[in-house]
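Below, each chain spelled out in residue letters.
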Amino acid sequence: MAEYELDCLGEACPVPLIKAEKELDKMNVGDVLIVAIDHSCAMKNVPEWARKQGHNVELDEVDDGEWEVVIEKMK
Amino acid sequence: MSENQAAGSSIQRSSRSRTRPKKKKKNLLPQAAILVVLVAVVGILLARTSALLAVFWITGMAFGFILQRSRFCFTASLRDPSLTGSTTLTRAVLIAFALTSLGFWAIKYGAHLNGLPIPGQSYVVPISLATAVGAFMFGIGMVIAGGCASGTLMRVGEGFIMQVLSLLFFIIGSLWGAHDYGWWKLNFMLDGKAIFMPDIFGWIGAIIVQLLIIGCLFVAAAKWEEKKNS
Numbered sequence: 652m653a654e655y656e657l658d659c660l661g662e663a664c665p666v667p668l669i670k671a672e673k674e675l676d677k678m679n680v681g682d683v684l685i686v687a688i689d690h691s692c693a694m695k696n697v698p699e700w701a702r703k704q705g706h707n708v709e710l711d712e713v714d715d716g717e718w719e720v721v722i723e724k725m726k
Numbered sequence: 002m003s004e005n006q007a008a009g010s011s012i013q014r015s016s017r018s019r020t021r022p023k024k025k026k027k028n029l030l031p032q033a034a035i036l037v038v039l040v041a042v043v044g045i046l047l048a049r050t051s052a053l054l055a056v057f058w059i060t061g062m063a064f065g066f067i068l069q070r071s072r073f074c075f076t077a078s079l080r081d082p083s084l085t086g087s088t089t090l091t092r093a094v095l096i097a098f099a100l101t102s103l104g105f106w107a108i109k110y111g112a113h114l115n116g117l118p119i120p121g122q123s124y125v126v127p128i129s130l131a132t133a134v135g136a137f138m139f140g141i142g143m144v145i146a147g148g149c150a151s152g153t154l155m156r157v158g159e160g161f162i163m164q165v166l167s168l169l170f171f172i173i174g175s176l177w178g179a180h181d182y183g184w185w186k187l188n189f190m191l192d193g194k195a196i197f198m199p200d201i202f203g204w205i206g207a208i209i210v211q212l213l214i215i216g217c218l219f220v221a222a223a224k225w226e227e228k229k230n231s
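Each protein sequence line maps, in turn, to chains A and B.
Per my numbering, the very first residue in the first sequence carries number 652; after that it's consecutive.
Per my numbering, the very first residue in the second sequence carries number 2; after that it's consecutive.
Calculated from the structure, these hints are not laboratory results.
Treat the hints with caution; some may be incorrect.
Unchecked claim - Simulated pairs of lysine-lysine, DSSO-like, Cα-Cα distance not exceeding 30 Å:
1. A:Lys673 / A:Lys695
2. A:Lys703 / B:Lys229
3. A:Lys726 / B:Lys224
4. B:Lys186 / A:Lys703
5. A:Lys695 / A:Lys677
6. A:Lys670 / B:Lys26
7. B:Lys229 / A:Lys670
8. B:Lys26 / A:Lys677
9. A:Lys673 / A:Lys726
10. A:Lys703 / B:Lys224
11. A:Lys677 / B:Lys229
12. B:Lys186 / A:Lys695
13. A:Lys670 / B:Lys109
14. B:Lys224 / A:Lys673
15. B:Lys186 / A:Lys670
16. B:Lys109 / B:Lys186
17. A:Lys703 / A:Lys670
18. A:Lys703 / A:Lys726
19. B:Lys26 / A:Lys695
20. A:Lys673 / B:Lys186
21. B:Lys109 / A:Lys695
Produce the complete structure using the sequences and hints provided.
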């Protein structure tokens, strides 16, 4: 099980999602991706999108206005 | 339960990401209290000049708060259907449109029934190809900038620095647009025809047609999400 990190701090809304999508494509099932974001909109749409894709998702507020979306690739 | 498993979570994370220093949340209650007092003071000062200004101040605050808390985003409502297939926000916007339609209709119809001048008629402007072209350009711009007008303002308030840049160019663009507005209006906008729906369908018909269109879009949005996620 590998763990990947994606630094999307300072990236506005659709960018973190598109980057996460591309990164997830490269990963194997069971790998974990941690996406660091600070755009409040991405905090909503990245987890929502990943859950709909059927992945395990966890959202962690690391600091005020800074989040880590932890995605475990399921398929 | 293994050590690196967070409570209530099913995802295994390496110890590295768990040990990353997690800053303690600051208690912002005093600042919040000061802000509430400031908002009230400014509101009272504005009310002394004009009651309407105070109403704008309060509704502006309320809009911003709701926008921020609900993560309501007009950009996402139009972008996400094609990007992720999610139409949650699209449907939320459609519901908002339906509600405001009812409100506008009630205000205008009420004025009409009482023989008063109908408010807001200056906003009934011609629609033409220019409307569609402008909307398309606005759409491209807002997706790149990461927010439409309200979304950009809200995120600047949240402290997202990149969008301060969006705001700056949004202001420049608005000023430029306002400066040349007369020319655009004369050469492009007046080509179209202004349509006020109650003139065509009658007062009751207008609201029914409007709500039917919104209803159809709502169903289409729901079906789109189903199709995209199946």
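Hints versus structure:
1. Between the alpha carbons of Lys673 of chain A and Lys695 of chain A the distance comes to roughly 18 Å, so the proposed pair stays at or under 30 Å and holds.
2. With a C-alpha separation of about 10 Å, the suggested pairing of Lys703 of chain A with Lys229 of chain B holds against the 30 Å cut-off.
3. Simply put, Lys726 of chain A and Lys224 of chain B have alpha-carbon atoms about 24 Å apart, close enough for the 30 Å limit, and the pair holds.
4. With a C-alpha separation of about 45 Å, the suggested pairing of Lys186 of chain B with Lys703 of chain A is violated against the 30 Å cut-off.
5. For a cut-off of 30 Å, the pair hint linking Lys695 of chain A to Lys677 of chain A stands: about 23 Å separates their Cα positions.
6. Distance check on the hinted pair: Lys670 of chain A and Lys26 of chain B sit about 29 Å apart at the alpha-carbon level, within 30 Å; holds.
7. Between Lys229 of chain B and Lys670 of chain A, the direct Cα distance comes to roughly 20 Å. Compliance with the 30 Å bound is thereby established for this hinted pair.
8. A threshold of 30 Å between alpha carbons decides the hint, and for Lys26 of chain B with Lys677 of chain A the separation of about 35 Å lies outside it, so the pair is violated.
9. At most 30 Å may separate the alpha-carbon atoms for a hinted pair to count; Lys673 of chain A and Lys726 of chain A meet this at roughly 14 Å.
10. This hinted pair checks out: Lys703 of chain A and Lys224 of chain B have alpha carbons roughly 15 Å apart, not beyond 30 Å.
11. Simply put, Lys677 of chain A and Lys229 of chain B have alpha-carbon atoms about 22 Å apart, close enough for the 30 Å limit, and the pair holds.
12. In summary, the hint linking Lys186 of chain B to Lys695 of chain A is not supported, as the alpha carbons are separated by about 39 Å, beyond the 30 Å threshold.
13. For the suggested pair Lys670 of chain A and Lys109 of chain B, the alpha carbons sit about 47 Å apart, so the restraint of at most 30 Å is broken.
14. Restraint check for Lys224 of chain B and Lys673 of chain A: the C-alpha separation of about 26 Å stays at or below 30 Å, so the hint holds.
15. Of the supplied pair hints, the one linking Lys186 of chain B and Lys670 of chain A is violated, its CA atoms being roughly 41 Å apart against a limit of 30 Å.
16. Distance hint between Lys109 of chain B and Lys186 of chain B is fulfilled; the C-alpha atoms sit about 26 Å from each other, no more than 30 Å.
17. A C-alpha spacing of about 17 Å is found between Lys703 of chain A and Lys670 of chain A, which places the hinted pair at or below 30 Å, so the restraint holds.
18. Distance check on the hinted pair: Lys703 of chain A and Lys726 of chain A sit about 12 Å apart at the alpha-carbon level, within 30 Å; holds.
19. About 20 Å separates the Cα atoms of Lys26 of chain B and Lys695 of chain A, which keeps this hinted pair within 30 Å; it holds.
20. Annotation: proposed proximity of Lys673 of chain A to Lys186 of chain B is violated, straight-line Cα distance about 44 Å (limit 30 Å).
21. A hinted pair counts as satisfied when its Cα atoms are at most 30 Å apart, and Lys109 of chain B with Lys695 of chain A does not qualify at roughly 37 Å.
Hint violations for this structure: numbers 4, 8, 12, 13, 15, 20 and 21, all remaining hints satisfied.
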